[in-house]
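Asker: This is what each chain is made of:
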Amino acid sequence: MTEDWIIVRFGEITVKGRNRTRFEELMLARVKEALASFQSLTYDKAYGRLYIRLNGESFEKVADRLKDVFGIVSFSPAIRTENELAKIREAALAVMRAVDPPPRTFKVSVKRAYKGFPHDSREMNHLVGAHVLRNTPNLKVDVHQPEVELKVEIREEGTFVHCRTVPAAGGFPLGMNGKAMLLLSGGIDSPVAGWMMMRKGLELEAVHFHSYPYTSEQSKEKVVALAQRLAYYGGRMKLHVVPFTELQTRLARTGYEHLMVTLMRRAMLRIAERLAEKSGALALVTGESLGQVASQTLASINVIGRAATLPILRPLVAMDKLDIIRMAERIGTYETSILPYEDCCTLFVPKSPATNPNLRIVERAERRLGEDMERLIQEAVAGTETIEVTETERSDALRAGEERWF
Amino acid sequence: MQTLYFDHSASTPPHEQVIRTMAEVMAAHYANPGSLHRAGGEALKLVERARASVAEWLGAKPQEVVFTSGGTESNNLAIKGIVGSVGRKRKHIVTSAVEHASVYQCVRQLEEAGVAVTVVPVDRDGRVSPEQVRAAVRDDTVLVSIMHVNNETGAIQPIREIGEALADCPHVRFHVDGVQAIAKIPVAWKDWGVDLYTGSAHKFRGPKGVGFLLVREGVRLAPLNAGGGQEHGMRSGTPNVPGIVAAAQALRLAMEGAEERRARWRALRRRILEGVREIPELVYNGSEREELQAPHIVNLSYPGMRPEVLVHTLEKNGILVSTQSACSSRSLQPSRVLKAMGFDDARAAGSIRISMGDEHDETAVELLLERLKQAVAELKPLAKTR
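Residue numbers (the working numbering), protein chains in the order written: chain Y, 1 to 406; chain B, 1 to 386.
Within a straight-line C-alpha distance of at most 30 Å, the following computed BS3-like cross-link-like pairs (lysine-lysine) qualify: (1) B/Lys45 to Y/Lys179; (2) B/Lys45 to Y/Lys238; (3) Y/Lys238 to B/Lys61; (4) B/Lys190 to Y/Lys220; (5) B/Lys45 to Y/Lys278; (6) Y/Lys32 to Y/Lys111; (7) Y/Lys278 to B/Lys61; (8) Y/Lys321 to Y/Lys351; (9) B/Lys61 to Y/Lys220; (10) Y/Lys238 to Y/Lys220.
Everything labelled a hint here was simulated from the structure, so no lab data went into it.
If we strip away everything but chain Y, and leave its shape as in the complex, we get:
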């Protein structure tokens, strides 16, 4: 008898009554997607949770992937048995014997959800605990601070015995809360913002502003790499690369040097919004954090944000930079984000950008551009290149070795 099953516990979706079936199906689909490379796995859906049978696949490898699937609160490797006392006892002993190094203290917690089972929880605690104690030398019971808590869950579909609970990402399954457009710069913040919103069940497409030749091909490659990392969490992701050079150089020539960043970011929001409309996204996501830089003072956030009519989600708004960095490290985007290639946000940036831009002056500067502004925005949208990425692949890449044809 070995721990051939994983109990997967869903998080917040269990609180939602009405669309529960849809959520559970979405959750199952996301788990299957994430674990697609483990071909032997079989799945068994139950009320509020999911059972995965390993069928010989490595628990550690599956666990490593599973911990990053949004919507899962925790999971446990378990032995599944029929609802028979003898078999449950045997399973309990097997689970305890698999613990390495062997524990000195333990306790048993039985949960009898299936009331048709003849023994109640208290009886079962004794029946299982005594069996384990009898067969394990040097093991004692400690109900307050046990080294191992042996859990026995008796449910209609069978009994599950386990002693380890691995925490997972939590949140909602991806796609449950609709779609949004992430402004992905290449810095540390925006990928974290993306991850946080994806965790809340938001499907994301990313938009990146590329000012070639002022910004290099490498800076674009860097953003593709970040999108690919986010696609690890999201399965796949569309990355829209917007040619921003002409609009940006036009803005740089307006004569409002200190407002450059404000004007630029307003233009970005407008373009992102058009792309969002095209792909049915209902919000914009940015990595803005209050007070971090000149464009992220409350006054700037106000003036910039007014350029968009879609809601702007700013999950990092109240976070400290150090916490954002820690999070970036944890989700695996930090190393890429700190690569030195310049992105377009650092171009034409004045020495002292406005921290308190005046909305009327900003609007006047934009009016001066007249039809140019609209034309350049339209051209930028029309010239946008969309790359579809997964964790390992990208739609604009050639097959290995085919570069020799060019």
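Here the structure of chain Y is known, so what remains is to put chain B in place on it, guided by the hints.
Answerer: Same frame as chain Y, now just chain B:
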């Protein structure tokens, strides 16, 4: 006897690597680039990669490259595309007297359909004057079409100056047939104010049946064929994936080291002219100013001799050249181009074209001169005296 191929302006031997690439792509990527499945996507990626590469080598944006079936289609697409995109009835085209048949006949066809045409003359060097081109432009002019390098004589037209002269005519589109120019002389079409530029792959060691038209962003063209709307709607038809990839590779191979090749051809061309001067029966048709001539083409006449006789005699001696251009060489008419340059019928009807490629060196040129001398000696008794 070793055969020497001196007819590169007619077509070039494809690069070995290009032949391999074409075969490999043909075998591996047979899917239609318009198909939604993965195989289609991969074929599309190759076409787009090729487009980006062509764009980069020729100073264009990828979206400005339209792949076609070759120079003739590109020229027709440019000319008829512009004429067709203008709604009003009265339209006027300016072109030159020395254009390739695919421009000249295309314009003729439009003339029959009611489009007004002005054909500007050329001087003794075979060049148009930018002032005359500008003077020919009218209010209803929609297009000026002037070739870059003449396919018979190698004369280089003053494209930059024409572009400058047309700068104050925003209603006029400027098309340049660059088939003989690409990879032979520098091409800065955009800087020169050119709106449409034609290229053909088999002139730079790529496959036949592939060409492109560079279309400046913002220029609208009426497509020649109705269909699936490929190539940004400008050229319907399933893209020739292997040909396009091979063409892009051929262009890169031709552009890498183009300068060094150009210098080599220039030196060889000087030697050919020197050798020809020693054969009194032959006259050179072209400018004495080297910078006005493409480095790889020499046009000669044997007045009083039917050129196909000279071509066949040379062939017997292992030298392959063309009379006039390969396209019109079967017509036996005096060359329209040479007549436009002011030469009489005897000289215009007796011309041959020698055009060089990568494989030629001093030895090959010495052999060419030697056999040319020999052929002329053989034919001399048969020549009509002037």
